[in-house]
Amino acid sequence: MPEIRISQAQFQPEPPKNGGERPAGTAAPEPSAIRKFLLSRGNSAVADRGFHLLMVLCALSIFGIVALIATELMLSSQMAWDKFGFDFFFKAFIDPDTRLPMYWDPVNGHFSALPFIYGTLVSSFLALLLAVPLAIGVAVFLTEMCPQALRGPLAFLTELLAAIPSVIYGLWAVFVLVPLLREYVNPGLIKGLGWTGLFSDDNPTGLGFLSAGVILAIMILPIISSLTREVMSAVPHSQREAVLALGATRWEMIRMGVLRNARIGIVGAVILGLGRALGETMAVTMVIGNSPEIHHSVLANGSSMAAVIANEFAEASGDLHRSALIEIALALFIVTILVNALARVLVWAVTRGAPARVN
Amino acid sequence: MRAGKHNLRAQVRALTDHAATVLAVFATLVVVTPLVAIFIYLIYKGASSLNLAFFTQIPKPPGEVGGGMANAIVGSGVLLGIASLIGVPIGIGGGIFLAEFGRGTKLANAVRFTADVLNGVPSIVMGLAIYSLVVYQQKHFSAFSGGLALGIMMIPTITRTTEEMLLMVPHAVREAALGLGVPNWRSVLSITLKTASPGIITGCMLAFARVAGETAPLMFTAFGNSNWSMNPNEAIAALPLQIYVYAISPYDEWHRMAWAGALVLIVLIVLAVSLVRYVTSRGVLKGAS
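Read top to bottom, the protein sequences are chains A and B. Residue numbers for the first sequence follow this note's numbering, so the first one is 1 and each next one is one higher. Residue numbers for the second sequence follow this note's numbering, so the first one is 1001 and each next one is one higher.
Please keep in mind that the hints were generated in silico from the structure rather than gathered at the bench. One or more hints might be untrue.
[Stated by the list, open to error] Chain A regions said to be covered by chain B (calculated; three or more residues, Cβ under 8 Å):
#: 1; region: 161-170
#: 2; region: 173-181
#: 3; region: 224-230
#: 4; region: 299-313
#: 5; region: 335-342
Even for Gly, the Cβ is constructed at its ideal location relative to N, Cα and C.
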């Protein structure tokens, strides 16, 4: 029987058989037509192995990218790290004359990330406060209440919201949202809630933490609502039917049958939105006011970690300034990696083994 | 008394149900409003500023009327071209590994997880890393470094969508190819990959649309340029960068140009996204996404 090997194994010429059926000394017979054909196609084992290796390299490049970012940022922020150490994130330089803290003073070489960490946390927290209830509302409407005909277009609209570039959100915020807040919303907040101290009136521009929080909320809404939709669709239909069969109203069914089962995934979606908000750069830079100060009022100007990098890096005054900015980037990198990893684990915990998504 | 209590409770429950419905509808309206507002503003402000000069001329100095963003549009094209050359092959390769070679292995799980996490890394961090890697060593800004930053950002998205699409190709197709004596690499490239190609193109377009609007990673790599340049070794203009510079400038004429640029950018992105939806709804892998 002629031996035909195809592709997978390396083609090896048959070893000469001495003293077998074929008497030694006679010339080897011509290879069969099939074997000739296979030989003419080249040796695929080498190609296969090479291809496999290439694909593994492509996959490993993802680890490479993470390692590359981490090492580059660490090397470039060495100078600031050596000079300030951990105090960079916790302490501010106190001016001996005025007794006022100097957070960020490139001229005299005092750098502290404190006001930027504060700004990032405040704007992201405001964004979550505004976005989470709305996002869950949208997800509930789209998965449980919406007429079938509206579902597709509305889902597409919220997806579009995610496709708009950050700089266009910023442009819109600068020329539409900020004037709107300045003229109509901020005076109301000052009058109604001024006594809390969170809304004091000393910033006539309309820029500040609140504007940044609102535009961030609009930007992270789509990601939270689409992931919430996904985990809600992953809740088995039998759960809904069981709750309805007990005589629950639709809202009770959603609350007890769907939201309660999907809550871990929803928390994951919210954390993922937080990750986006922490690192969002352009829109925040354009509306937060860019002053390295800490204010209690959310109407005051501030700055965030990403915003200060975008704003100052190109015209940084020296190596130490540049190094300090890169250290902020490194901190942002580590925090977003941790936040995203946590969120992914939570979302996976819910959607793993879930039925196919029903749209 | 008992019946009345029961009645009241039922009424409260019905009211809560109605309130929840109203709130959900309200939330949806609140979310859709800014989207509509952004589009109306873009069209209203942008369309009145668009003219032929916008597409054919380079920016004029502040104070002068006229000029356009031709160099920025071309520059964005160059940057996205470089980015696609880097991001698409590596991304698809990673996806092939996940779906064809590494299925179920620990390495594949780790790669998948890292890709998802990398997707959430802020773009400005990516820009700074490329700055220290390329720009700082070379001592000058370049289109190549900008394209590299964007290309790296495309990789995780493309890897994950490619994997998802390849997983949908039935096993019988692969077995048929192997059974005919096609080498494994040929089977993957011209059978499996080809079957899944509409979905993979979708993934690439989505990644493309995402990085097309990125500004932050270009600020310290491509840097921007107010003159014509197509040299990959020089600073180059880009549409999102130009929009940013114009938006924060104090000149009305430049604000007008920023709106026009934003309209062009958003039209390009919406076209890409809609095309993707059209392809996936009609393509071979219907219902793939």
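To see whether the hints hold, each was checked on the structure:
1. Coverage of a stretch by a chain is defined here by at least three residues with a beta carbon nearer than 8 Å to that chain's beta carbons; for the region 161-170 of chain A and chain B the count is 9, and the condition holds.
2. Counting residues of the region 173-181 of chain A whose C-beta lies closer than 8 Å to any C-beta of chain B gives 3; at least three are required, and the coverage claim holds.
3. Here the region 224-230 of chain A counts 1 residues with a CB under 8 Å from a CB of chain B, which misses the bar of 3, and the coverage is violated.
4. Counting residues of the region 299-313 of chain A whose beta-carbon sits less than 8 Å from any beta-carbon of chain B gives 4, enough to reach three: the coverage restraint holds.
5. With 5 residues having a beta carbon nearer than 8 Å to a beta carbon of chain B, the region 335-342 of chain A meets the requirement of three or more and the stated coverage holds.
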